[in-house]
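Peer 1: Given next are the chains, with one letter for each unit.
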Amino acid sequence: MAYILIFITAIFVNNIVLSQFLGICPFLGVSKKVETAAGMGAAVAFVLTIATIVTYLIQKYVLEAFHLEYLQTIAFILVIASLVQMVEIILKKVSPALYQALGVFLPLITTNCCILGVAILVANGTYASYNVEPSLLTGVVYAFSTALGFGLAMIVFAGIREQLSMVNIPKGMQGMAIALVTAGLLAMAFMGFSGVDGGLRQLFGI
Amino acid sequence: MKKLQSTLPNMAIVLTLISVLAGGILAYVNSVTEGPIAQIKEKNLADGIKTVLNAQDLTVQDSKTLDAGDVLYITDKGTAVKTVTNGFGGALTVLVGFDNEGNIQGYQVLEHAETPGLGAKAGDWFQKDAKGDIIGMNPGKKELVVSKDGGDIDAITASTITSRAFLLAVNNAYKSFKNAAVTAPAIDDKAVTAEPASDEITKE
Amino acid sequence: MSNFKVFMNGLVKENPTFVLLLGMCPTLGTTSSAFNGMSMGLATTAVLVFSNFIISLIKNMIPDMVRIPSFIVVIASLVTILQMLLQAYAPAVYDSLGLFIPLIVVNCIILGRAEAFAAKNSAVSSLFDGLGMGLGFTWALTLLGATREFLGTGKIFDFTIFPEEYGMLLFVLAPGAFIALGYLLAIVNKIRKA
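Residue numbers (the working numbering), protein chains in the order written: chain A, 3 to 208; chain B, 451 to 654; chain C, 313 to 506.
Hints were generated in silico from the structure; no laboratory data involved.
Where is the CB? At the ideal position from N, CA and C, for every residue including glycine.
A few of these clues could be false.
Just some of the chain C residues that point at chain A, by a computed CB distance under 10 Å [stated by the list, open to error]:
| hint | residue |
| --- | --- |
| 1 | Leu354 |
| 2 | Ala388 |
| 3 | Ala435 |
| 4 | Leu482 |
| 5 | Ile499 |
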């Protein structure tokens with residue numbers, strides 16, 4: 003039950019983009035079309051899940067074991083950067099079709115702050131709320147759900163922007179200005195989910 | 451100076467050199483800042499205990515962690531209890547100070563994830579002379595409940611859930627304080643034996 | 313280009329927030345008040361100035377193919393140093409910025425300036441570029457923070473202008489960040505075209 007709680011909370015209640023402000027650059031940058039948005043979402047889900055597992059293991063068995071916690075940021079960013087490269091090479095060899103779909107987005111992911119952000123949150127155990135023990139499994143569930151939340155926000159936002167491109171917008175508001183206001187309205191809609199996690203907790207008795 | 455060529459040995463040497471240098475510098479800065487960081491944590495806790503017990507000079511005699519996760523800091527001026535509950539946006543950690551009779555001396559919200567401007571007001575709302583003043587009350591005589599649920603404490607405007615969670619935390623803190631006082635009479639043996647009920651305690 | 317021009321370039325003409333639209337995560341995430349916005353801006357400035365300076369000094373010693381990883385190591389080390397210093401000597405700032413301090417590493421402005429400016433120019437002008445870009449980022453974040461704080465709680469830098477009860481709370485919350493930046497951007501667009 004705890005996993006369902008983490009799943010729903012990460013997607014709707016604490017949406018990574020719309021309430022945590024991580025991963026804003028791709029959210030604003032590659033959301034002009036629904037297809038590209040979905041591609042970016044899938045690439046993030048893929049890398050984020052793998053990166054979380056790898057960084058969690060590094061944190062537990064290397065950094066904490068040798069008391070090197072202060073190297074966290076530097077170790078994680080290097081791991082993520084090389085992981086992205088590796089995923090790119092492997093995908094190219096193993097599944098050209100998937101590479102075709104995700105390839106363009108992979109280089110952009112290194113500087114997507116939601117990857118490093120989630121990796122740090124999971125490694126430090128600060129993502130887990132009260133009564134849910136942080137562990138590798140909950141961390142992975144959290145990372146994957148977060149990525150789904152990212153994908154959902156991307157796709158919904160891209161859908162709205164596709165419609166926006168067909169209407170007349172006052173000159174000053176064109177481009178990023180109207181996109182940001184739209185994102186604000188979307189964030190407001192997602193705020194409607196706040197408190198849902200409390201209800202679920204009561205329901206599940208956590 | 452000419453730019454180094456991208457040969458394999460060059461690349462390996464440069465990357466290793468930069469990483470080792472960076473690691474060394476970080477280790478040095480870490481060793482310098484480690485002390486102050488630990489001191490600040492300690493000082494924050496000490497300051498928190500002083501604030502919630504409303505006393506400038508006190509000594510912490512004992513601290514213990516209960517099964518529920520609550521932490522008790524027993525001092526000569528009373529007991530401070532650290533407890534966690536679910537707030538509106540996540541865990542809500544509160545430090546509550548009690549005198550020996552169980553009257554609330556003060557409180558401090560240590561960590562929270564409540565909505566800014568709404569639930570986050572809990573840090574001030576229940577303080578002395580504020581709208582939801584709980585200072586001086588005794589949860590043992592009457593449980594703290596918001597007026598909406600039939601109690602007599604004003605909830606934070608538009609943040610009933612946070613208010614309920616906060617008061618639950620204070621009530622839980624009191625229970626921990628009370629349980630610890632019963633199960634561990636060793637803190638002050640003489641005070642306990644002065645009471646007639648002490649027979650029952652010694653029997654256990 | 314003179315150092316002054318390089319400095320003003322980042323401050324106004326190529327302002328990272330309002331013109332280049334870089335580093336949006338901290339821009340939106342840390343501007344719930346003017347003070348928070350300013351602290352984030354200054355923290356980023358510190359990293360940017362040093363990273364530009366160091367990278368420009370060592371640019372000839374780094375083979376092209378390992379350029380990006382080397383830059384990342386330099387930037388990540390600077391960020392970690394900053395993180396430890398803030399935690400030790402400015403704990404209040406450290407607590408209010410939280411996760412966004414280590415995330416300075418992935419702020420596109422820093423790697424972007426290292427690539428676009430520091431890797432091609434002298435150490436001194438890189439320093440000025442870092443300072444200009446950093447302060448450009450800082451004033452943008454402070455302005456956004458002040459706007460949100462003013463509309464949301466009636467204060468600027470904790471100085472009360474109208475009672476908190478009349479504030480539009482929305483602006484302190486997440487949606488307000490997007491909306492406030494959207495309208496600020498529209499105003500800046502208008503001024504730039506005029």
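Peer 1: Which numbered hints does this structure break?
Peer 2: The structure conflicts with hints 1, 3, although it agrees with all the remaining ones.
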